[in-house]
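*Asks:* Below, each chain spelled out in residue letters.
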Amino acid sequence: MRQDFYLAWRHLRHYRIRSLVLIACLSLMGALPIAMHVLLDQGESKLLARARATPLVVGARASGLDLTLNALYFGNPDLPRTTMAEFDRVDDSSWALALPIYSRFVVKGQPLVGITLDYLDYRQLTVDQGETLTTLGDAVLGANAATALGLKVGDRLLTTPGNLFDLAGIYPLKLRITGILGRRDNPDDQAIFIDLKTAWIIEGLGHGHEAPVSPGKNGARPATASPVTFTEVTPDNVASFHFHGDPATYPISAVIAVPKDTRASTLLRGRYLDDTQPDQLVVPLEITRHLLDNIFRIRDLFDLVLALVGIATLLALSLVFWLSLRMRREEMRTLFLLGSSRLTLLRLILAESLLLGLASLALGFFWVRLAQQGLNESTLRFFMH
Amino acid sequence: MIRIEGLQFRYPAAEGDFTLRIPRFDLKTGERLAITGPSGTGKTTLLKLIAGIEPPLEGSIWVDGQAVHAMSDSARRRFRITRLGFIFQDLQLLEYLDMADNILHPYRINPALKLSPAVRQRLRQLAADIGLEHKLGQPVTALSQGERQRVAICRAVLTQPALVLADEPTASLDPDNKLKILDVLFRTLDRESASLIAVTHDHELLGRFDRVIDFSDYHHAQA
Amino acid sequence: MTHPRLWIRPEGRLATLLLCLSLSLPAQAIEYAPLTITASNYPLAYFAERLGGAQVRVELPVPNDEDPAYWQPDAPTIQAMQKADLIALNGADYEKWLNRVSLPHSKWVDTSAAFKSRYLVIKDAVTHSHGGNGMHSHDGTASTTWLDFTQAAQQVDALAAAMIRTRPALRSTIEHNRAALDADLMRLDADMKQVAGALAGQALMASHPVYQYLERRYGLNLKSVHWEPGEMPPASEWTALRQTLSAHPARLMLWEEMPSTEIQATLAELKLRPLDFRPCANRPVSGDWLSIMRANIAHLQEASTSSPEPIRKKSVRAKSTPPKTPARKHGP
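Protein chains in written order, with our numbering: chain D, 1 to 385; chain G, 1001 to 1223; chain P, 2001 to 2332.
Hints in this document: simulated from the structure, not taken from any laboratory.
Hints should not be assumed to be uniformly reliable.
One side only, chain D facing chain G, incomplete, derived with CB under 10 Å [stated by the list, open to error]:
#, residue
1, Glu330
2, Thr334
3, Leu337
Here's a subset of chain D near chain P, in silico, CB distances under 8 Å, partners left out [to be verified]:
#, residue
4, Leu97
5, Asp118
6, Gln129
7, Leu133
8, Leu136
9, Lys197
10, Asp293
11, Phe365
Beta carbons: idealized from backbone N, C-alpha and C, even for Gly.
In isolation and in its complexed conformation, chain D is listed as follows (with noise of 0.2 Å):
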């Protein structure tokens, strides 16, 4: 047996071209339907696992997708805004522990997340280097986010207008990166998160500027040239930052709400039925459901799609593996003028096709494990944008 896998291997060594394109069409022949297999699988799990993991998400009246792509995925950043008055309804139920997330500004491809501490503590998010936010204008980085930035503890990220959606009245504000999140193979790693006050700021609401000189003798403040305002939060000027305006009407995307238990999700769920209201509660779950029928339907064609090609496939093999005996009778002649039996003719075939498929199944896997680490990246920004 040992003799007619060294033929063989010389055999495939000694054609080697044509034996790596076998091996790769053989490979992605069959991977292809695993992967897509594997792919839409696991795309169902994450998709599902982060919806179980999002209960409800109450939002400004728009499209339930949208709202739910914008709270767990930060797409769709133009989505309709609420504000923090619905945030302080949800949190003084004391039904749900509340989160409110501010999903709208893109930074070099990243989004920039306007989060809570809490957020971070929900989703068993720690920082793998530095620290966690402390002051505004701090960021930590998804693992991803990091990578693709390229930027570590310590480094500084310009927001200026021109990376944003929103090119106007934006504050250019340099965030401090204080950390970088574990990786957690779900969309927080794409995502750049910073305190939801930082994100305020840079949407124009709050500021830091130098004092006034100094207070009228009656007490009232000089309406002098405007002082020069900080575009970095450093220890020496954090106190000059300030907002201005009421805070509950401040903006946030969507506020993720954790019912305590089922009586509290029943009440709160109960607050949105009246469909006049300007905001409005989804469940995650139902609508990641709903949009994974429908890929689900998709998949379904796609399947007999692949039985076709996998037909054809088996057809083409076959054929290819008849020529390739026809290349090799005058070898085989000769071996069987040489001595060989029949079994031995047969066992030098399978032993070299036993090899090439030994070799298109380890690459085969190879373009599974490719797809489903491309998966994350991806198939999640595909939702995202």
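Guided by the hints, dock chains G and P onto chain D, whose structure is given.
*Replies:* Okay, now just chains G and P, sitting in the frame of chain D:
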């Protein structure tokens, strides 16, 4: 070495109604026999019959004391492997193997032959004898025609056969090389004490053989 | 056994559950580690300590020589605060730093939220500075909420509720302690009412605008300047005070801390008697919040019935001198 009596062979009707009849044929041990004659007169067929590749219709074939005509398929194969050596007209070297692997090839395809260190030692000795020791690791495609011919000879005799059957062993060579190769073949056979039956059209070579049978009038020929 | 804190971490939950099931331990066994509370000022820290007793560990991250109302935590302090189980905030815009830091919202308790609608808004605010301490203003909302002791009681209620919500096992302890603390607060309220009654609308001055809720609750007739006890006000301020006094003939002036002898001498010329009435926003050198409040009321009581001598217990401590007690640890 070989004794043939009352041999009669006919290919199936579809391949023409050629019939080979050999009432009697003998070959002594160590004898070098050349068979010549126009194509279609049954030279190669005779080799096949002796090798047991084709079974005779009638008659008996004894080679090295064994009744080839009466053997089972597997016994014939074993006999062919262990007692005979072949040099094919177009050599039939395998391009995907290097020189050493080509010579060792019979050992790799026959469980009856054991590829022992002694065999490898013999391979080196043979290669040295034909002056190609330094090319053992080279692919056969890198060898000249003459060198390839010598490789084929080595392959035929490595198994230490009693009889070597050669079909036009010098066909593709220039006259100079033909003689050289024939010398190599004869020297090697001498060392191994093997008999030879060679089919050839090279009339200038016939004189080197112990005996020549011309198949153009073989139907009358008697050994 | 490992550190008891481990038992309430998520990864420890299954182990805890199994342990509880197998040993039939009461649920309290899980919550073995003390409840950690970080408070933004001393009154809240005091309330938390009173409510939780030995079951809580209370941190007041503000250094002893700083006014918590004008404090800005640095990053290490914020990190330490983030680790607490509960973050007790005064609310009423007391924590000016809150808008500049990241703290987990779910751990906050805004203790004054219940009386949000009754916050006092300061309208004639000015920005001013005291020596080298930089500018500050009393803009916006009056935040010394606890000087109205009924408000203090509401803050205690909010804090107690949050503590119970965070650590249900402590319910009975906290409720028991709250009853005692409530009783103390109600006695302060009653005493203060009585003293205020004795003052009967008498004009009073205050060195700093921090007594708004005291004034409202107890019907005091109070006007404020913006003076610091260790810093001699310029002549213009004295002129302004004289003008104020002509229309508002106060004989007593409430001070957060007794002023320097120099200031006291000048006040004596105006027949204005300084009175030690401490808001006690930071941890006192000696005593606790309750004893300081009692002393405040006693000082006022004494003043309402006696001669114009400075009323105080402790010696003057200028703003610039370091605290006599070692600075409290306020972060890693």
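*Asks:* For every hint, state whether the structure bears it out.
*Replies:* Checked hints:
Evaluation of the Glu330 (chain D) hint against chain G yields a held restraint, the C-beta minimum of about 7 Å falling below 10 Å. Look at Thr334 (chain D): its Cβ gets to within about 4 Å of chain G, closer than 10 Å, so that hint holds up. Because the closest C-beta pair between Leu337 (chain D) and chain G is about 6 Å apart, less than 10 Å, the hint holds. At about 6 Å, the closest approach between the beta carbon of Leu97 (chain D) and any beta carbon in chain P falls short of 8 Å, and the interface hint on this residue holds.
Because the closest C-beta pair between Asp118 (chain D) and chain P is about 5 Å apart, less than 8 Å, the hint holds. With its C-beta approaching chain P no nearer than about 15 Å, Gln129 (chain D) sits outside the 8 Å limit, and its interface hint is violated. At its closest, the beta carbon of Leu133 (chain D) sits 4 Å from a beta carbon of chain P; the interface hint therefore holds under the 8 Å criterion. Nearest Cβ of chain P to the Cβ of Leu136 (chain D): about 5 Å, under the 8 Å cut. The hint holds.
Nearest Cβ of chain P to the Cβ of Lys197 (chain D): about 6 Å, under the 8 Å cut. The hint holds. The interface hint given for Asp293 (chain D) is violated, since its Cβ lies 33 Å from the closest Cβ of chain P, which is over the 8 Å cut-off. Hint on Phe365 (chain D) is violated. Least Cβ distance to chain P is approximately 33 Å, over the 8 Å limit.
Of the hints listed earlier, those the structure fails to meet are numbers 6, 10, 11, in rising order.
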